[in-house]
Amino acid sequence: MSASPEAAGTIYDIGYRHYDGPRLGRRGAVMAVVGAGLRAIFGLGRSGRSKVIPWGTLILATMPAIVAVAIRVLAGDLIELYSYDSYLWQIGALLPIFVAAQAPELVVNDIRHRVLPLYFSRPMSRFDYVAAKLGALSLALLSLTLLPVLVLFTGRVLAGDDVVGAISNEAGTLPAIVGTGLIHALVLASLGLAICSLAARRAYAAGAVLAVFLIGSVVGEILAEAGGFADVAPFLNPLAIMDGTRQWLFGGSVAESPVRAADVPLALYGLATLAVTLGAWAVLAFRYRRISV
Amino acid sequence: MTVALVSITLRALLNRRRTLLLALLGALLVVVAVIYRLGNPTAAESVEVTRRLLANFGIGVLLPLVAVIVGTSALGSELDDGTIVYLLAKPVARWRIVLVKLVVAWLVTCVLVAPAIVIAGVIGQEDPQLAIGYAVASILGALEYTAMFMALSLLTSRALIIGLAYVVVWEGVVAGLFSGTRAVSVRQHALAVAESFGGAGAGDAGLAFGFAVAAGAAVTMAAIALAIRRLETVELRGETT
Chain A
139 MSASPEAAGT IYDIGYRHYD GPRLGRRGAV MAVVGAGLRA IFGLGRSGRS
189 KVIPWGTLIL ATMPAIVAVA IRVLAGDLIE LYSYDSYLWQ IGALLPIFVA
239 AQAPELVVND IRHRVLPLYF SRPMSRFDYV AAKLGALSLA LLSLTLLPVL
289 VLFTGRVLAG DDVVGAISNE AGTLPAIVGT GLIHALVLAS LGLAICSLAA
339 RRAYAAGAVL AVFLIGSVVG EILAEAGGFA DVAPFLNPLA IMDGTRQWLF
389 GGSVAESPVR AADVPLALYG LATLAVTLGA WAVLAFRYRR ISV
Chain B
30 MTVALVSITL RALLNRRRTL LLALLGALLV VVAVIYRLGN PTAAESVEVT
80 RRLLANFGIG VLLPLVAVIV GTSALGSELD DGTIVYLLAK PVARWRIVLV
130 KLVVAWLVTC VLVAPAIVIA GVIGQEDPQL AIGYAVASIL GALEYTAMFM
180 ALSLLTSRAL IIGLAYVVVW EGVVAGLFSG TRAVSVRQHA LAVAESFGGA
230 GAGDAGLAFG FAVAAGAAVT MAAIALAIRR LETVELRGET T
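Protein chains in written order, with this note's numbering: chain A, 139 to 431; chain B, 30 to 270.
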């Protein structure tokens, strides 16, 4: 730097600007984290490789609905491929894959690279941070748990000759569709984030999520067919717990689900869902309270 | 030098919390078998349920999960941390590094998986031959899996994620669907071995024993050859990556 003659003690004006725009506050900070989380989950603004799993599972999850609608348009009411009740159970294998691949993106590296202080130096509490991440993952999961069923619904309404009549026929199923989608998304997001928040690296987080769902479903499936354990079996598999809750709230049983083999009050599934969700939130609260920034 | 190589690999693989977690997974298999047996099942049912437990949980989940973590980190963690250069700078042939690390990873996987399968198999039902058959299958499957995952860890820096995706998507879903894909699945190879050693109750998956062993050996050799070739072409540069 060339020295120019200045009086001693002068503070140079090197051009820092003030920010005079609107300050968005806590709400804005939370929405920004939700937005960034959604972009991270779907790989927007990232390389093609990080889009493969989220968009691949989304397409695979929606494909059966599209095929079912196409068949309905072409062949009429002859074949009933998927019902609203069983759709999520049928695509169930995709949900853990999506969560295992994308939930670690949200939380693991923030802890690993110790950037949480940067979040908390904004008008954002620890609770806000966790809530924003949960919100982002739940919203993203709705694209798997709600969108395909809505596609199926829309297709059924539009495929008929009498659209108005079809709407009034099918509208009664909407609360069940939306409710089921919301429950699945929120519970899966809570469970996934809780597991991921404990892992040191993204790959381990993915492995842990997969392990929980794989082992739960395998053991649940085996015990469902073993004489004395049919009543316990569904509670080992998070997806079966949610299926039971769906059946409790909205009715309609799924043939392949271990819920059908079990003989317990359906309200127990609701309780189990609540327990899983609250347990996951407790883990998150414990984990993020303990992290020092 | 081989002893030193074995000891650093063992230390890297075992000195972590995750080994405890992997051992807990094996313990879970045993716990399920114990709980099931406490329900006093009939003999015929217990053979069938235990077989499915060993096949679907032991060979289907426990073995690949342990193998993918152990197999990708035996060499992969040295690549990640950059400590591989200190190994490569030693006057040891690179194929020897690959082979020693593979054997250690294989043995660690076996120790974490096979005892759990034997114990769960013996507790779940009466016939020890079933348990031994699945243990033999897990030992052979472990070699094939660890060789594959070690080669994978030399091909990409995201070997664990890709390996997990392979385990879930290919081994878990696709390989069971068609008879053609069954021929190129480690899980099906292992199950064929289990059936041939496991006695009467071991079921049938539809792969001939001889074919499964030949295919498994071919995959293993190819993976080892690929891993050696990759490590031999690693060039030491000035800075560690």
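If you're looking for bench data, these hints aren't it; they were derived computationally from the structure. Source: prediction; values computed, not measured. Every residue, glycine too, gets a C-beta built ideally from N, C-alpha and C. It is possible that some hints are incorrect.
[As the list claims (entries may be wrong)] Covered by chain A, per the in silico footprint, the following chain B stretches (three or more residues, Cβ under 8 Å):
1. 68 to 81
2. 243 to 253
[Said to hold, decoys possible] Okay, the calculated beta carbon distance ranges per label pair:
3. A:G417 - B:N69: 44 to 50 Å
4. B:E155 - A:V211: 53 to 59 Å
5. A:L285 - B:V198: 47 to 53 Å
6. B:T210 - A:K189: 21 to 27 Å
7. A:L312 - B:V203: 31 to 37 Å
8. A:L409 - B:V63: 47 to 53 Å
9. A:G183 - B:R258: 44 to 50 Å
10. A:G390 - B:P157: 43 to 49 Å
11. B:P157 - A:R187: 44 to 50 Å
12. A:K189 - B:V114: 53 to 59 Å
13. B:L43 - A:A399: 38 to 44 Å
14. B:T210 - A:M169: 31 to 37 Å
15. B:V121 - A:L336: 36 to 42 Å
16. B:V203 - A:G390: 42 to 48 Å
Range agreement (Cβ of K189 (chain A) with Cβ of T210 (chain B), hint 21 to 27 Å): The hinted range 21 to 27 Å holds for T210 (chain B) and K189 (chain A), with Cβ atoms some 26 Å apart.
Per the hint of 53 to 59 Å, is the separation of the Cβ atoms of E155 (chain B) and V211 (chain A) within bounds? The hint (53 to 59 Å, Cβ to Cβ) holds, given that E155 (chain B) and V211 (chain A) are roughly 57 Å apart.
Range first: 44 to 50 Å. Now tell me if the beta carbons of G417 (chain A) and N69 (chain B) are that far apart. Between G417 (chain A) and N69 (chain B), where Cβ atoms are some 31 Å apart, the hint is violated.
Verdict for L312 (chain A), V203 (chain B) (Cβ pair) under range 31 to 37 Å: 35 Å, holds
I want to verify a distance hint. Is the separation of the beta carbons of G183 (chain A) and R258 (chain B) within 44 to 50 Å? 36 Å, violated
The hint says 31 to 37 Å between T210 (chain B) and M169 (chain A); measuring C-beta to C-beta, is that right? 45 Å, violated
Taking 53 to 59 Å as the stated bounds, is the beta-carbon spacing between K189 (chain A) and V114 (chain B) within them? 34 Å, violated
Verdict on chain A covering the stretch 243 to 253 of chain B, criterion of 3 CB contacts below 8 Å: violated (count 0)
Is it true that the C-beta distance of V203 (chain B) to G390 (chain A) lies inside 42 to 48 Å, as the hint says? 30 Å, violated
Cβ separation of L43 (chain B) and A399 (chain A), checked against the hinted range 38 to 44 Å: With Cβ atoms ~41 Å apart, the hint holds.
How does the stretch 68 to 81 of chain B fare against chain A when you require at least three residues with a CB closer than 8 Å, holds or violated? As far as the stretch 68 to 81 of chain B goes, the hint holds, because 7 residues have Cβ atoms under 8 Å from chain A.
Indicate whether the distance between the beta carbons of G390 (chain A) and P157 (chain B) respects the range 43 to 49 Å. Check passed, 46 Å falls within 43 to 49 Å.
In terms of the numbered hints stated before, the structure departs from hints 2, 3, 5, 8, 9, 12, 14, 16, listed from lowest to highest.
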